[in-house]
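*Asks:* Protein sequence lines, in the order shown, are assigned to chains P and S.
Per numbering that gives the first Met the number 0, the first sequence starts with residue 0, numbered consecutively.
Per numbering that gives the first Met the number 0, the second sequence starts with residue 0, numbered consecutively.
One or more of the hints may lead you astray.
[Stated by the list, open to error] Subject to a maximum C-alpha distance of 25 Å in a straight line, what follows is the list of computed DMTMM-like cross-link-like pairs (lysine to aspartate or glutamate):
1. S/K109 / P/E405
2. S/K154 / P/E14
3. P/K3 / P/E406
4. P/K409 / P/E14
5. S/K25 / P/D160
6. S/K8 / P/E173
7. P/K471 / S/E24
8. P/K25 / S/E231
9. P/K325 / P/D217
[Unchecked claim] Derived Cβ-Cβ restraints for the label pairs, each shown as a range:
10. S/P398 / P/W467: 43 to 49 Å
11. P/E173 / S/T396: 28 to 34 Å
12. P/E99 / S/D459: 29 to 35 Å
13. S/N431 / P/E99: 31 to 37 Å
14. S/E24 / P/E173: 20 to 26 Å
15. P/K321 / S/G384: 42 to 48 Å
16. S/P238 / P/P141: 35 to 41 Å
17. S/G347 / P/R340: 52 to 58 Å
18. P/E15 / S/G384: 53 to 59 Å
19. P/K26 / S/Q136: 17 to 23 Å
20. P/P141 / S/Q136: 54 to 60 Å
[To be verified] One-sided excerpt, in silico: chain S residues whose CB lies under 7 Å from chain P:
21. Q57
22. G98
23. Y375
The set of hints was computed from the structure by calculation and includes no laboratory data.
Glycine is no exception: its CB is placed at the ideal position from the N, C-alpha and C atoms.
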Amino acid sequence: MSTKETIEFRKQVVEEVLEVYPEKAKKNRRQHIAVKDSECAGCAVKSNAKTVPGIMTARGCAYAGAKGVVWGPVKDVVHISHGPVGCGYYSWGNRRNLAEGEIGVDNFVPFLFTSDFQESDIIYGGDKKLEKIIDEVVGLFPNAKGVSVLSECPVGLIGDDIESVARRMSEKIELPVIPVRCEGFRGISQSLGHHIANDAIRDHLLGKGPAREIGKYDIGIIGDYNIGGDAWASKKILEEMGLKVVNIWTGDSTLEMLQNGHLVKLNLIHCFRSMNYIAKHMEETYGTPWIEFNFFGPTKIKESILKIAAQFDDYIMEKALKVIEKYTVPMQKVIDIYRPRLEGKSVMLYVGGLRPRHIVGAYEDLGMEVIGTGYEFAHNEDYEKTIPALKEGTLIYDDVTALELEEFVKKLKPDLVGSGIKEKYVFEKMGLPFRQMHSWDYSGPYHGYQGFPIFARDMDMAINSPTWKSIKAPWSK
Amino acid sequence: METSTKVTKEWLNTQEYREKNFAREKLVINPAKACQPLGALLCALGIEASLPFVHGSQGCAAYFRSTLSRHYREPVAAVSDSMTEDSAVFGGQSNLIEGLKNANALYSPKVVAMFTSCMAEVIGDDINAYLGNAKEQEAIPKDLPVALANTPSFKGSHITGYDTMLKGLIECLAVPRQEDKINDRLYVVPGFDTYTANLREYKRLLKVMEAPFTLLPDQSDVLDTPNLGTYELYPGGTPITEMNEALNAGSFLFAQTYSTPTTRKYLAGKEVPVEVISMPIGIGGTDKFIEAVAKFTGKDVPEEITIERGRSIDAMTDSHQYIHGKKFALFGDPDVLIGVVSFLLEMGGEPVHIVCTNSTPLFKKAMESMLEASPYGQGATLYAGKDLWHLRSLLVTEPVDMLIGDSHGKWAARDANIPLVRIGFPITDRVNLHRYPIIGYSGVINMITMIVNTFLEEVDRNSPEAYFEMMR
Chain P
0 MSTKETIEFR KQVVEEVLEV YPEKAKKNRR QHIAVKDSEC AGCAVKSNAK TVPGIMTARG
60 CAYAGAKGVV WGPVKDVVHI SHGPVGCGYY SWGNRRNLAE GEIGVDNFVP FLFTSDFQES
120 DIIYGGDKKL EKIIDEVVGL FPNAKGVSVL SECPVGLIGD DIESVARRMS EKIELPVIPV
180 RCEGFRGISQ SLGHHIANDA IRDHLLGKGP AREIGKYDIG IIGDYNIGGD AWASKKILEE
240 MGLKVVNIWT GDSTLEMLQN GHLVKLNLIH CFRSMNYIAK HMEETYGTPW IEFNFFGPTK
300 IKESILKIAA QFDDYIMEKA LKVIEKYTVP MQKVIDIYRP RLEGKSVMLY VGGLRPRHIV
360 GAYEDLGMEV IGTGYEFAHN EDYEKTIPAL KEGTLIYDDV TALELEEFVK KLKPDLVGSG
420 IKEKYVFEKM GLPFRQMHSW DYSGPYHGYQ GFPIFARDMD MAINSPTWKS IKAPWSK
Chain S
0 METSTKVTKE WLNTQEYREK NFAREKLVIN PAKACQPLGA LLCALGIEAS LPFVHGSQGC
60 AAYFRSTLSR HYREPVAAVS DSMTEDSAVF GGQSNLIEGL KNANALYSPK VVAMFTSCMA
120 EVIGDDINAY LGNAKEQEAI PKDLPVALAN TPSFKGSHIT GYDTMLKGLI ECLAVPRQED
180 KINDRLYVVP GFDTYTANLR EYKRLLKVME APFTLLPDQS DVLDTPNLGT YELYPGGTPI
240 TEMNEALNAG SFLFAQTYST PTTRKYLAGK EVPVEVISMP IGIGGTDKFI EAVAKFTGKD
300 VPEEITIERG RSIDAMTDSH QYIHGKKFAL FGDPDVLIGV VSFLLEMGGE PVHIVCTNST
360 PLFKKAMESM LEASPYGQGA TLYAGKDLWH LRSLLVTEPV DMLIGDSHGK WAARDANIPL
420 VRIGFPITDR VNLHRYPIIG YSGVINMITM IVNTFLEEVD RNSPEAYFEM MR
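Isolated chain S (complex conformation) (with noise of 0.2 Å):
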């Protein structure tokens, strides 16, 4: 006979049915990852006039658009060659150079940001001897620069993507590095980062310490553009000079560990300094990044950047009780969950399960360290390559007292009846939440704000009369 529907809504949230959930091999179920090609998109969009161009099927390039428009509110401009059936028995030669040359002459691009999508990777086409081809037959300019990325959605996510694509931004825009022509910059990456107000916040600090600096790739501009009237394909990114210049740069600084490793690894190939920290986000991030910036400029920190760090730890300790010894699930992207986790720890706050579904060995060692380290960390445990399903199964039989994690935890978050703060990507069910940063200072006072008035919020919706008051 078949099980009740009421039968099985209360079996989803036993121990039972966590272990038998925890013992699937081959599903996957509610992923907290995108794919490559998702992130190269995201990278391409920060270089000025640059046209993100998808090899492979339209309905590619229609998702990554889609995606990127809902999280961002903004217009996300890229197009495809629109691979089909045809291709698959020729390859996809022809729709690449015919696509070349439409989009040359429909958009101008500066460059051209060419990603592969599944299909075009199957097959095996060789991206860049069709480009040679392309230029042989002057459907562009022989001096267009197009850069290329293999990006397939069966390896990697969209960190990966990211990755791949901004090496090979470098790798086309980039003049070899030579020692009478290099400059003063330092060369900030983000990495895969979904907050505009980050970008800015990069910005704001680098040019508050004096250090002459290029923010690579750089969206802040092209995905929070302002409403003055008309729309502007190309608004903003790191300019195309600068790009030429990256190799000749004083040093890299990558402000994210997992989205990056390609493109260090290419750097270091070429002699160009660099380091990579984690992603500054609370105040020990953030101090690693004062620090390296610092170290670069050769200068002081400037008093203004105390007085600010002064200000966080001020807004911390006022409301540490709110934090202190709360239980937390959390699931994202590594970057964001080492940073995000770090933050907790430094409020007092629990961690109790994390949820990697794009983890790596190197990333999973880092957590699991920082977490032993703190004495606020000790009942944590790391889920790597698990998904939101997985998370679920946790939240009822393990409840905690908050969800931290994009618009897909709402679910979750829901069955174990706990709130969902929004922090990562995508988020789709909110407003406005990519400007404001979370990196910096700054973004502790907004965390901490997110945080805390959420659960304030809960208290007051949920208090009984006698304990509603008007301080908390």
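Chain P with its partners taken away, still in its complex shape (with noise of 0.2 Å):
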């Protein structure tokens, strides 16, 4: 098919599956599906909206995105899932947000601590349990450097005042209480917990911590929430080029570090989506600037470590080449095993933050070609970030129902899907591999010159994994 043809019959597949919607919903869920054609005309999809009630998202809420992507990876602080026990039992291990340190000592990361609400909570208020809570945090927890409380739905709802009692708590304890209001009904996806626990970050830690001399090198990196061990290997290609990461935020992360954040030369953002806004905010307020970077696949890194190599001397550049020349051997190799076994292979992604974009050039390092992306909770900005990156004729979907997303993966027939959990056993009972690009699968890290041969192995796994070759009976018509 030629590229014209294959725009076309991409934007008759959207339609096609529009069809089964009624017409309120249709209507609605044509603004966020579009193909990638030579003029961009059309291209724009519309994001950022309240999901249509009743079909099927994979979308979460603002608590996932404030507690369970922002907050939980926050080491040495114990984090108060305030309110019934379901949402801390739902997000509790399973972000795969790895950490150093001393468990139920200085890392709390594997923990779930929660104020399991009865319904005498929800009659009489939770301020007073909220109060004993953290008096006994302190008491099992001397090694705590602070306590954060991310509100659940009802304690927005039934009028809890725990700012008041963070400030109180805090004064008594002698330790940062940070109240969070990242109830689930706010907002309309996990952005704007995003947003709200950077502002908790902005309003109750960021410049009060210890003073530090800023090193001529002292780098922090934003947006990394250590999944598999991310943040590591990202560190290490920093650190091989003389830089010296002093924060990461927040995977592997210190109350110190999100303290401290501003007092680096230069702040490098990964995840812009989910924490631009504290990245803004340093720079009008402290000077401190910061720069996207990539850290996926060769192609990238490359052009990520010269970008930020260039923000400093020229020391740093003649390391930062160093680095590369280091790795151009071993990451050539690996493309070398793995780019015969998957060039031409086709992927359609659907992921959140920063990956339907980022993770395009690993592909394409692999010789493989995304035909289809899209995120669950990003905004204009990031699909103006993410449609240059993309081919003619990709297919664009935000916040994609169950049913588009499989209708369409049936009509584009990719060779592989990489998306979520609620995702990855529907695509694999129709025999199609499939990646979970959240958790890395269990697998990873994907970042840095360590992660991509584990990401190349790994893809190559899911397509050609032999599995799939059994799934027709032999007698089977």
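Using the hints, build the complex out of the two chains.
*Replies:* The structure is reproduced here in structure tokens:
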């Protein structure tokens, strides 16, 4: 099929799939789906809008964005899931943000702390209970550096004043107590939760830490949650370049890192969506510059290394070039092994914060083509950053519904689908290779030079697994 | 001066810390319970072409689906009506109506199983009235059954949510009981059971015993689907026709006690004969199930069952020496705990710490009297309403040989340097365990296999060279 035919075909597919909706929902959903064409006319999709009720969205809520994504990985803070037991339970131990430290002493990542609201708390309010809970936290975990209070739906609906509890308790225990108003009904996806979490860092921690000299090469990584060790892989490259990573937000991070996020020469932002707010704030308030980077796949890593090094001096640039040189051969070896096995294979993605665009280059390094991509909770600027990186004919879908994604996949027939746990088994039942691209499917890291060989191996394993060949019984027609 | 991490680390393992830990009143750390709507969703999946519908925040639906998918490694379909801040002000009616309309158009369910999450409950949404209005406005056909359950997260736990949804589904789908329409079927309710193999085992046993039966609900073909190269949204479940006739059941047999009281009470109120047993785990537990079924059919227990039972007894005697006198800690749901503890007692194993976060007074009484009646239960304590951080303190101050529970127990087991045998929900770090029954006589063999082989693996991995032997 020519590019023009592909575009026409895919536009036709979109129309066919939308047919199933009632009129109002159809009108809404049409605005969220586009096919990239030559003029890019109409390839902008509507985003960051309310989900249509009843359509099976993959989206989560503000609590998921604030606790699950941003705050959860901060390891030396006790994060209280304030409200009923469920939200904390479902976000317990399943986001794979690895952290170094003594569990239960100065690392609380693998824990669920909950106020386990009962009906009486709904009726009488949970503020008193919260006070008592914070007291108990301090008694049992003397090395905790602070307490965050992540509110769940009921807290905001019954009019609890967690801010004043936090203020009082912070004075009493002489530690930061950070109220985070991330009730799940706020906003329309995880995204507002990220923003609220950023604001809480800004209001309660940033600039309030112990003073520190800013070293010449001190940098921070923003928006890397250390999924399967991603942040460590990124840090390795940056340190080989001669830079000193003093903060990571928030994978394997500490409270002090959040306090001192601005005390660096440069902030490097990986997941723009979840942490752009605070990066911009640090720039505006403290003059700390930030740039975006992409550590997926050798092509993008190289570009990013050069872009980062250009912000520093010749010493760093020289080291940066050496790093690129050091890894050129090993990365080429990876490509030599896997590219012949993956060349020409197509991928459809549907993920969160940065991956629907950031990973495209890594697939291209392997000779693969991304033919469809979309975000759960992106804003317009994410799509503006994404669309130029895509080939003509790429199908773009925002907050795609389960049924749309299934139908798009059936029609476009990719060789691989990359999305989340809720999507995984749907496509595997269709006999389609699939990788979870939120959690790296319990593998990783995928970042950096350390991550690319693992990424390449995993994609090959998925696509070329012999298991797919056994699906059809020999006697089936 | 700040305490060093080393000092604190050691302190965590002391009796002093245990006492302080047990003195906490409000803080809950690592509870072994989820919330009601998760159970409601699991229940709803077990009915033919039933679409679970969360009236509340969409984040809840995402969490339930993810949690169940991780355990079963299967697709889990559910929609929500995505209530947001404006619903908090104006109520969730317009979301509910639009959600029903869209869900029906997209997914054509035979029944919608609607249950609430916190938001809708706190603002006091009247889902029954909203549903009436949805039908009035023709958002959905008047004859589309929509079962309702109020399942706030701030009451009960996943097992009570299961119960409430089950009652709602029967209420919605079953025609009134009529003396001349009573059927010859035994309706077997498994309860909150996350082993698809348990459900298949119930069905197998009932077939062997020639009992006409309906398993209600039945997720076995929904959460253990074959890979045939196509995805089916509605791959199985209790047939709607059998749901319609539920109140005309010959009898109901509940295979769990603590996840079913609301439904049992409802059925009793409708004059339906109801029998309840403990979850049929272990020989004694399974015997009671077999006897209950035989009582219903009025037939003798088939020889085949007696032989099957004998094979399990044989497995027990073959391997009793590896469990007898061993000390165990357990945590999980009440029904599973009663079953697994009864099995350990049958083997001469000694339960020591039993933690049940979602305990009830009735369960406590039942567990304690079972322990009291056995010579092997004398050293056991039930910790009702406690959590896995309490459990950790117990394990490090009063050591045992093995922990039995779900995947969340792995940190406590690691800290205590003992193996964890995974029985319960969720199991997210091992494969296929839900495909092996723990109920029935075959469940006895499976549990022996898991427990004994784990012990023996430990022996082999840790034994000095001189003691590394061919036979164990």
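*Asks:* CA of S/K25 to CA of P/D160, is that 25 Å or under?
*Replies:* Holds, because 18 Å separates the two Cα atoms, which is no more than 25 Å.
*Asks:* Holds or violated: P/K3 with P/E406, Cα cutoff 25 Å?
*Replies:* holds (21 Å)
*Asks:* Next pair to validate is S/K154 with P/E14; report whether the Cα-Cα distance is within 25 Å.
*Replies:* Violated: S/K154 and P/E14 sit about 45 Å apart, past 25 Å.
*Asks:* Is the distance from the Cβ of P/E99 to the Cβ of S/D459 consistent with 29 to 35 Å?
*Replies:* This hint holds: roughly 31 Å between Cβ atoms.
*Asks:* Given the hint of 42 to 48 Å, is the C-beta distance from P/K321 to S/G384 inside that range or not?
*Replies:* violated (60 Å)
*Asks:* For P/K325 and P/D217, compute the direct alpha-carbon distance and say whether it is at most 25 Å.
*Replies:* Within the cut-off at roughly 23 Å; holds.
*Asks:* Next item in the hint list is S/Q57. Is there a CB on chain P closer than 7 Å to its CB?
*Replies:* holds (6 Å)
*Asks:* Given the hinted pair P/K409 and P/E14, is their Cα-Cα distance within 25 Å?
*Replies:* Roughly 14 Å between the alpha carbons, so the hint for P/K409 and P/E14 holds.
*Asks:* Just to be careful, I want the Cα atoms of P/K471 and S/E24 compared with a cutoff of 25 Å; is the pair within it?
*Replies:* violated (57 Å)
*Asks:* Verify the proposed pairing of S/K109 with P/E405, using a straight-line Cα cut of 25 Å.
*Replies:* Within the cut-off at roughly 21 Å; holds.
*Asks:* Does the Cβ distance between P/K26 and S/Q136 fall inside 17 to 23 Å?
*Replies:* holds (19 Å)
*Asks:* Does the beta carbon distance between P/P141 and S/Q136 stay inside 54 to 60 Å, or does it fall outside?
*Replies:* holds (59 Å)
Violated hints, in rising order: 2, 7, 15, 16 and 23; the structure is consistent with all others.
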